[in-house]
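Colleague: For reference, the chains in residue letters:
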Amino acid sequence: MARNVTNQRKIINTTAAWAVGLLIFFPILWTILTSFKTEAQAIADPPIFLGFDWTIENYKAVLERSNYGRFLWNSIIIAGGSTILGIIIAVPAAWSMAFVPSKRTKDILLWMLSTKMLPAVGVLYPIYLLCIRFGILDSKIALVFILMLINLPIIVWMLYTYFKEIPGEILEAARMDGASLKDEVLYVLTPMAIPGIASTMLLNVILAWNEAFWTLNLTAAKAAPLTAFIASYSSPEGLFYAKLSAASTMAIAPILILGWFSQKQLVSGLTFGAVK
Amino acid sequence: MATQHSRSAARLMMAPAVILLLGWMLVPLTMTVYFSFKKYLPLRGGDLGWVGFDNYVRFVTSSAFWPSVMTTLIIVGGVLAITVILGIGLAILLNQPMWGQGMVRILVIAPFFVMPTVSALVWKNMFMDPNYGLLAHLWEFFGATPVEWLSQASLTSIVIIVSWQWLPFATLILLTAIQSLDSEQLEAAEMDGAPASKRFAFITLPHLGRAITVVILIQTIFLLSIFAEIFVTTGGAFGTKTLTYLIFQRVLESQNVGLGSAGGVYAIILANIVAIFLMRIVGKNLDA
Amino acid sequence: MGQIKLNQVSKSFGDVEVIPPLDLTIEDGEFTVFVGPSGCGKSTLLRLIAGLEDITSGHIEIDGADATNVPPAKRGLAMVFQSYALYPHMSVRKNIAFPMRMAGVPADEQERRIDAAAKALNLTDYLDRRPGQLSGGQRQRVAIGRAIVREPSAFLFDEPLSNLDAALRVGMRMEISELHKKLATTMIYVTHDQVEAMTMADRIVVLRKGFIEQIGSPLELYHKPCNEFVAGFIGSPKMNLIKGTEADKHGVATIGIRPEHLDVSSTDGAWKATVGIAEHLGSDTFLHIHGVEGCDPMTARVDGELPVKHGDTIYLTPQLDKLHKFDAQGLRVD
Numbered sequence: 015m016a017r018n019v020t021n022q023r024k025i026i027n028t029t030a031a032w033a034v035g036l037l038i039f040f041p042i043l044w045t046i047l048t049s050f051k052t053e054a055q056a057i058a059d060p061p062i063f064l065g066f067d068w069t070i071e072n073y074k075a076v077l078e079r080s081n082y083g084r085f086l087w088n089s090i091i092i093a094g095g096s097t098i099l100g101i102i103i104a105v106p107a108a109w110s111m112a113f114v115p116s117k118r119t120k121d122i123l124l125w126m127l128s129t130k131m132l133p134a135v136g137v138l139y140p141i142y143l144l145c146i147r148f149g150i151l152d153s154k155i156a157l158v159f160i161l162m163l164i165n166l167p168i169i170v171w172m173l174y175t176y177f178k179e180i181p182g183e184i185l186e187a188a189r190m191d192g193a194s195l196k197d198e199v200l201y202v203l204t205p206m207a208i209p210g211i212a213s214t215m216l217l218n219v220i221l222a223w224n225e226a227f228w229t230l231n232l233t234a235a236k237a238a239p240l241t242a243f244i245a246s247y248s249s250p251e252g253l254f255y256a257k258l259s260a261a262s263t264m265a266i267a268p269i270l271i272l273g274w275f276s277q278k279q280l281v282s283g284l285t286f287g288a289v290k
Numbered sequence: 381m382a383t384q385h386s387r388s389a390a391r392l393m394m395a396p397a398v399i400l401l402l403g404w405m406l407v408p409l410t411m412t413v414y415f416s417f418k419k420y421l422p423l424r425g426g427d428l429g430w431v432g433f434d435n436y437v438r439f440v441t442s443s444a445f446w447p448s449v450m451t452t453l454i455i456v457g458g459v460l461a462i463t464v465i466l467g468i469g470l471a472i473l474l475n476q477p478m479w480g481q482g483m484v485r486i487l488v489i490a491p492f493f494v495m496p497t498v499s500a501l502v503w504k505n506m507f508m509d510p511n512y513g514l515l516a517h518l519w520e521f522f523g524a525t526p527v528e529w530l531s532q533a534s535l536t537s538i539v540i541i542v543s544w545q546w547l548p549f550a551t552l553i554l555l556t557a558i559q560s561l562d563s564e565q566l567e568a569a570e571m572d573g574a575p576a577s578k579r580f581a582f583i584t585l586p587h588l589g590r591a592i593t594v595v596i597l598i599q600t601i602f603l604l605s606i607f608a609e610i611f612v613t614t615g616g617a618f619g620t621k622t623l624t625y626l627i628f629q630r631v632l633e634s635q636n637v638g639l640g641s642a643g644g645v646y647a648i649i650l651a652n653i654v655a656i657f658l659m660r661i662v663g664k665n666l667d668a
Numbered sequence: 009m010g011q012i013k014l015n016q017v018s019k020s021f022g023d024v025e026v027i028p029p030l031d032l033t034i035e036d037g038e039f040t041v042f043v044g045p046s047g048c049g050k051s052t053l054l055r056l057i058a059g060l061e062d063i064t065s066g067h068i069e070i071d072g073a074d075a076t077n078v079p080p081a082k083r084g085l086a087m088v089f090q091s092y093a094l095y096p097h098m099s100v101r102k103n104i105a106f107p108m109r110m111a112g113v114p115a116d117e118q119e120r121r122i123d124a125a126a127k128a129l130n131l132t133d134y135l136d137r138r139p140g141q142l143s144g145g146q147r148q149r150v151a152i153g154r155a156i157v158r159e160p161s162a163f164l165f166d167e168p169l170s171n172l173d174a175a176l177r178v179g180m181r182m183e184i185s186e187l188h189k190k191l192a193t194t195m196i197y198v199t200h201d202q203v204e205a206m207t208m209a210d211r212i213v214v215l216r217k218g219f220i221e222q223i224g225s226p227l228e229l230y231h232k233p234c235n236e237f238v239a240g241f242i243g244s245p246k247m248n249l250i251k252g253t254e255a256d257k258h259g260v261a262t263i264g265i266r267p268e269h270l271d272v273s274s275t276d277g278a279w280k281a282t283v284g285i286a287e288h289l290g291s292d293t294f295l296h297i298h299g300v301e302g303c304d305p306m307t308a309r310v311d312g313e314l315p316v317k318h319g320d321t322i323y324l325t326p327q328l329d330k331l332h333k334f335d336a337q338g339l340r341v342d
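From first to last, the protein sequence lines stand for chains V, S and C. Using the working numbering, the letters of the first sequence correspond one by one to residues 15 to 290. Using the working numbering, the letters of the second sequence correspond one by one to residues 381 to 668. Using the working numbering, the letters of the third sequence correspond one by one to residues 9 to 342.
Rather than coming from a laboratory, the hints here were simulated on the basis of the structure. Predicted, not measured: the structure shown is a model, and the values here were computed from it. Be a bit skeptical, because a hint or two may be false.
What the hints assert, rightly or not - Partial list, derived from the structure: chain V residues whose beta carbon lies under 10 angstroms from chain S:
| id | residue |
| --- | --- |
| 1 | R23 |
| 2 | P41 |
| 3 | F50 |
| 4 | T52 |
| 5 | I122 |
| 6 | I150 |
| 7 | S153 |
| 8 | I155 |
| 9 | M162 |
Even glycine gets a Cβ: it sits at the ideal position worked out from N, Cα and C.
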């Protein structure tokens with residue numbers, strides 16, 4: 015819209031958009047604010063917005079009491095591990111589908127996506143049973159593997175879309191320039207693909223971090239990540255608002271930050287390229 | 381690129397991903413179908429033999445089945461309606477010229493990155509609690525009696541929580557779609573004398589048609605299997621037991637695996653019906 | 009050295025034969041242009057020579073040695089692509105150095121050749137920029153630079169000018185021609201633009217649907233097109249092809265007369281006609297003429313000073329010695 019907009023119009027737009035934006039963001043903001051209140055101030059009537067005594071006691075309390083570090087570590091291992099494993103398996107697959115397409119490439123891609131549609135609850139017991147058989151119930155390795163599998167279609171898809179954008183002519187140029195397959199991958203493809211690989215990893219860390227079906231059902235004390243840690247607050251402990259808020263803030267902060275970086279990739283990643 | 385050598389290399393590189401996903405799909409699926417034809421109670425005698433279609437019949441004739449279908453439909457339908465309608469409005473608003481657009485965008489997207497257990501708990505305790513929740517304070521401020529959200533208006537509450545989580549997704553996708561609308565089309569319509577309302581109805585909305593369909597299909601697939609939000613807030617009580625939750629209870633809580641597996645097969649069939657439509661759209665896009 | 013010989017080379021994609029078996033020899037040092045409408049197989053043919061596609065049958069010889077199964081990197085050919093195919097993450101210097109780096113050329117020799125190429129192509133000031141920061145013409149020159157430093161036995165160009173605007177295209181056309189004169193290396197150039205073919209080529213290969221329609225120098229094709237297709241394809245504006253009674257007078261199925269070989273008079277001539285659109289280019293005027301039987305509209309190229317306008321009645325007379333005759337199969341009759 016290459017048109018001048020009156021300032022008045024712009025002020026109205028800005029006010030409306032910020033009002034709606036803040037309203038939507040409010041629950042998060044409120045959680046963060048509450049995490050710095052004392053328990054008494056957290057449930058004060060009327061509620062206190064900013065005029066409270068800022069304290070980090072809640073964070074200390076949460077860290078001391080609930081072994082937060084172990085849950086965090088489990089989340090990092092599960093989200094990071096499943097993403098890295100997924101990338102290792104997906105890069106060669108996406109590479110060949112993008113650059114050596116065959117008649118079946120499209121069918122394979124669609125089939126891969128269709129596995130993503132499988133409702134988890136439909137296979138809950140078999141997976142539960144298999145985990146017991148292999149002695150990996152409540153283990154990080156089981157979740158790394160399962161989250162890798164449920165996100166693999168998205169990883170393959172995103173990488174495929176990125177690789178497709180690398181013009182085939184550039185790889186042919188490299189071949190004409192005397193590059194071997196190894197040189198081609200090392201000096202031309204990889205540097206060009208790294209941004210795509212990075213954003214794919216980012217989105218998948220987010221998805222794995224927030225996954226709350228398998229992580230709740232297949233873990234107990236040992237391998238439970240932050241999703242389960244927070245769920246444990248659904249007991250009466252949840253009425254300690256300030257501590258609940260501190261725990262929640264710690265659980266969502268890293269991913270909120272990562273997420274803001276990946277908003278662009280989010281759309282194509284989550285719609286399998288159907289919306290660009 | 382299309383030389384024999386590279387083609388066989390390609391097949392080899394695709395193999396791990398294909399084999400893993402094939403295993404992930406077939407092994408548990410086969411087991412679910414197998415259990416669904418058995419009377420299988422791990423804590424009360426284990427495998428008690430074949431029962432044919434008994435589990436399938438019992439699952440749909442149990443008193444919990446139809447309410448759970450209704451609950452599922454209400455949640456999915458409610459969330460879809462709210463997120464799509466508000467999403468369109470928000471996308472149009474965010475597409476207007478303004479100051480600090482990037483920042484507003486970030487604010488709007490944020491809920492999507494909050495893990496489901498956190499958003500469920502924060503809403504449940506800090507907003508919907510009848511004594512201390514912010515909404516209770518708000519009701520009191522206007523002189524009304526606070527609502528006991530999660531027991532009296534349990535379904536509405538779940539719909540609100542889930543809508544809050546998914547509104548950013550709908551908005552973001554619809555905003556992306558709006559931004560891809562060629563502004564010359566709108567200007568041409570303006571030259572043709574179409575007022576803003578008609579421009580929206582005849583140009584913007586049809587342009588968004590595909591994005592709306594994609595939002596509906598993808599959200600449906602995720603919404604059919606929402607779990608954590610119910611697990612943390614009501615635990616399936618107060619009429620919030622969805623099909624997914626019912627199956628979960630049959631399998632893990634009452635340990636009736638045969639019955640739960642039959643339910644699982646129903647869930648898989650249901651998801652596949654939605655998936656077929658989504659695949660069509662994605663597939664068409666692959667050709668383009 | 010750079011003689012390239014195709015021996016019964018053919019190419020099929022699945023069941024579709026895009027290039028039926030053909031023979032072609034490109035002599036050392038020659039500037040050969042493959043020209044034809046889109047889908048005629050000219051780019052495929054170039055890619056077969058480059059080794060980017062497997063040939064379905066036949067043999068390719070480069071400098072007398074069989075190169076049929078030699079990978080592209082080992083054929084000693086350099087290629088300039090339509091999209092330029094520059095490496096976006098490398099500076100211009102690194103782009104140009106890339107083939108030498110792959111070949112293990114010593115660093116100081118690399119420097120020397122990069123500087124020479126940059127100087128020849130006016131790129132010296134841009135060596136440390138990324139391709140994204142360059143204009144279309146500059147990118148094109150980088151792509152050529154990357155090809156030159158390899159000192160290949162032949163250059164392959166795949167529609168290299170089609171992404172440039174008209175003014176730049178004329179300039180680059182001359183630069184490539186000058187480069188050929190200077191290096192005297194074999195060049196094969198693919199284009200759909202017959203003007204590029206006519207202005208640059210030593211020899212033109214006209215292709216249609218994978219078949220070679222005619223091979224010859226630009227003027228041979230202009231003066232003696234061997235069939236109607238070549239007659240219509242080479243020359244601008246297009247040759248007028250006339251069927252029906254006028255052709256019957258000459259005892260053939262079709263006669264052809266180029267717009268520049270029609271004499272126009274306001275008083276008398278062989279054919280009476282009406283002027284439709286008159287395109288005034290200044291030096292020349294192209295007249296689109298209606299009313300001649302068997303060819304409507306007919307185009308005539310007249311002097312720019314001639315006072316004609318829409319709706320005028322004029323008389324046309326073809327220069328009989330410049331008349332082309334074709335039989336019912338479209339083949340030339342002499």
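Colleague: Hey, does the I155 (chain V) contact hint survive, CB to chain S under 10 angstroms?
Modeller: With a closest approach of 15 angstroms, the I155 (chain V) hint is violated.
Colleague: Given M162 (chain V) as an interface hint, is the shortest Cβ-Cβ distance to chain S below 10 angstroms?
Modeller: holds (8 angstroms)
Colleague: Against chain S, is F50 (chain V) within 10 angstroms by beta-carbon distance?
Modeller: violated (14 angstroms)
Colleague: Would you check whether I122 (chain V) satisfies its interface hint, that is, whether its CB is within less than 10 angstroms of any CB in chain S?
Modeller: At about 7 angstroms, which falls below the 10 angstroms cut-off, the nearest Cβ of chain S leaves the hint on I122 (chain V) intact, so it holds.
Colleague: Against chain S, run the beta carbon of I150 (chain V) and see if the smallest gap drops under 10 angstroms.
Modeller: violated (15 angstroms)
Colleague: Next item in the hint list is T52 (chain V). Is there a CB on chain S closer than 10 angstroms to its CB?
Modeller: violated (14 angstroms)
Colleague: So, as I understand it, the hint says S153 (chain V) touches chain S; can you test that by seeing if any CB pair is closer than 10 angstroms?
Modeller: violated (18 angstroms)
Colleague: Tell me if P41 (chain V) is really an interface residue toward chain S, meaning its C-beta lies closer than 10 angstroms to one of theirs.
Modeller: It holds, given that the least Cβ distance between P41 (chain V) and chain S is near 6 angstroms, below 10 angstroms.
Colleague: Please verify that hint: R23 (chain V), Cβ, nearest Cβ of chain S, below 10 angstroms or not.
Modeller: holds (8 angstroms)
Comparing the model with each earlier hint shows violations of hints 3, 4, 6, 7 and 8; every other hint is respected.
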